[in-house]
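Participant: Sequence order for the protein chains is A and B.
For the first sequence, numbering that gives the first Met the number 0 gives the first residue as 0, with consecutive numbering after it.
For the second sequence, numbering that gives the first Met the number 0 gives the first residue as 0, with consecutive numbering after it.
Keep in mind the hints are simulated off the structure, nothing from the lab.
Where hints are given, some of them may not hold.
Examples of chain A residues lying across from chain B (beta carbon under 7 Å, computed) [to be verified]:
{"#": "1", "residue": "G50"}
{"#": "2", "residue": "P84"}
{"#": "3", "residue": "S86"}
{"#": "4", "residue": "V87"}
{"#": "5", "residue": "L123"}
{"#": "6", "residue": "L125"}
{"#": "7", "residue": "A129"}
{"#": "8", "residue": "A215"}
{"#": "9", "residue": "L305"}
Okay, the calculated beta carbon distance ranges per label pair [said to hold, decoys possible]:
{"#": "10", "chain 1": "A", "residue 1": "P227", "chain 2": "B", "residue 2": "P139", "range": "37 to 47 Å"}
{"#": "11", "chain 1": "B", "residue 1": "H153", "chain 2": "A", "residue 2": "D174", "range": "38 to 48 Å"}
{"#": "12", "chain 1": "B", "residue 1": "L74", "chain 2": "A", "residue 2": "S102", "range": "48 to 58 Å"}
{"#": "13", "chain 1": "B", "residue 1": "R210", "chain 2": "A", "residue 2": "R200", "range": "32 to 42 Å"}
Every beta carbon over 10 Å from chain B, so not counted as near; a handful from chain A, in silico [what the hints assert, rightly or not]:
{"#": "14", "residue": "V61"}
{"#": "15", "residue": "V91"}
{"#": "16", "residue": "T98"}
{"#": "17", "residue": "A259"}
Computed from a predicted structure; not experimentally measured.
A virtual CB, placed ideally from N, CA and C, is assigned to each residue, including glycine.
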Amino acid sequence: MSAKTLATTGRTAGTGSRGGPRAAAPRPRPGLVRRPGRPHRRPCRRPDWLGGLGAAAWLVIVAVPLYYVLASSLREKSDYLDAGPLSVPHHVVLSNYRTVLDSGFADYLWNSVLVTAATVALVLALALPAAYAIVRSRSRFVTAGFSVMLMGLAIPAQATIVPVYLLITRLHAYDTLTAIVLPTAAFSLPMAILVLTSTMRDIPGELYEAMTVDGANATQVLRSLVLPLTRPGLVTVGIYTALGAWNGFIFPLVLTQSEAHRTVTLGLWNYQGQQGGIDVPATMAAVVLSLLPLLAAYLVGRRHLLSGLTAGFGK
Amino acid sequence: MNTALRRSDGRPGALWAVPALLYFALFAVVPMALVVVLSFCRWNGLGSPHWAGTANWTRLLHDPDLGQSLRLSLLLTVVNWAVQTLICLPLGVWCAGHQRARAVLSTLFFVPLLMSSAAVALLFAALLDPNFGLAHAIGPWLGVDDGNFIGDPHLALWTVTAVVTWQFVPFHTLLYQAAARQVPAQLYEAATIDGAGRWRQFLSVTLPQLRHTVVTSSVLMLVGSLTYFDIVLILTNGGPGTSTRILPLHMYLTGFSSFDMGYAGVLAVLLLVAGTTLSLLVVRVTGFRRMTSRREGL
């Protein structure tokens, strides 16, 4: 999708919607109305060898550890100890994955799925109406509240862990999955709202006007104009929040205790020092398992993630 | 409720924002205030906190580990910022190109972003194992004969820095990539007509256009550096000795290993102050008040 078509269709959508009541407003493909009239940009056209060399160097730095994880997870322990860390597995086995899943890791995975899904749902449910109000409402109270929340981006979550622990014990939520969800969602909110407000600000004002002139109320505008046009932003927020929730460490560590409420990250930590020395192949299998769901989500939403982050930060 | 939600001008009322604001207040703002109160209390994590006056704060003056952890945190923050920015900015600009190879490569570049700190720490704990890891092989090559990178008090922090860089470069590269794609092509066309070479273009066009992103990325890096904790906990647990006991780890161990929540509160307040000061400083020094500020020109 070239940005030239984006820009022009964006403009026609703006004028076209004046015609019919709310017929023309929804429907445009997601990401369509990104600042009409802005020209496209393409920083580098020819390959530059210096940049290519740097990228190749970084590729090695990234790829070697990743290869190590994958290769180790597919080999037998004796093979690992004899053949050296970076050798190609003697013969590929899946037994490490079986060992890991049988040792309770499947339950940790399921707990993380629950925590992540609940966090994403909660964040989206809170952030969507809030971002809508921040962009569209004329209330000063909302703007002030948002400024406070933006400061939240600069708050190290760790610094609040002691009072959060106090709060969670007083709410009688200690050692439940809910205990993890509540603060994780709170600290994901500022970023979520930042990204959503940026996406909503990119919707041309004429579209809002056209709808309100036709007598649509705030809910209708949200449902048939804002919601379809902010879908990329919602995907970004979803992935970003899921990333934080799935990989969260300190909240599960401090706010839960029992084996039954352990999440993937704590389960991973378990592998260190278990049975004396580390069983590296099994540990690496656990690492791969912990990565797979996010990798799938990332590959599906990659395009949106980039455009959403652009909207949120890349100004 | 109903009247507030349905205004005649079709705009949402303030009430739409109330749930998010209340929620954020309860789980983020209240804890921030509470941590200040707790820093004046004695509490072992069970039962109720008791008022202790300034006891925790005076203890700050006699904490042998505090100076060390502050110094380590500061060092980690500065080094991380410099190293990561130097890598991420050019890499991000390079990734913003449109060749197919770059798209494939940038996907691979971002895999570490998807890994949890726990996974990254375990991966490197295994790789850095002096007996069976890669460290055994490359150690002598780098002048560390026994390959014991994390066991050496002088090397441990640098090793941690390298691991943290490996994990966080993808995210900031992503930010720079997204921003570099926003730079209007005409600027480059004009620069080419003026006879500017690739390096000149990078300095005079790309870099100025990316300054907002530099600020954003720097703030996130600085605050992030202050919270690196899980990687260090798993990789070195602050050791050997206290050579990697950075401030957040010092706080965690004080609170949740020694069950001294009051003093952990004091350390948390230090963290909060440090984080806020650093971010304000960056934003002020660079002249941008709002993190949402829009790009100027064109």
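Participant: For every hint, state whether the structure bears it out.
Facilitator: Hints, one by one, checked against the model:
no.: 1; hint: G50; verdict: 4 Å, holds
no.: 2; hint: P84; verdict: 5 Å, holds
no.: 3; hint: S86; verdict: 11 Å, violated
no.: 4; hint: V87; verdict: 15 Å, violated
no.: 5; hint: L123; verdict: 11 Å, violated
no.: 6; hint: L125; verdict: 4 Å, holds
no.: 7; hint: A129; verdict: 4 Å, holds
no.: 8; hint: A215; verdict: 6 Å, holds
no.: 9; hint: L305; verdict: 6 Å, holds
no.: 10; hint: A:P227 / B:P139: 37 to 47 Å; verdict: 60 Å, violated
no.: 11; hint: B:H153 / A:D174: 38 to 48 Å; verdict: 41 Å, holds
no.: 12; hint: B:L74 / A:S102: 48 to 58 Å; verdict: 39 Å, violated
no.: 13; hint: B:R210 / A:R200: 32 to 42 Å; verdict: 20 Å, violated
no.: 14; hint: V61; verdict: 6 Å, violated
no.: 15; hint: V91; verdict: 19 Å, holds
no.: 16; hint: T98; verdict: 16 Å, holds
no.: 17; hint: A259; verdict: 19 Å, holds
Checked against the numbered hints listed earlier, the structure breaks hints 3, 4, 5, 10, 12, 13, 14; every other hint is satisfied.
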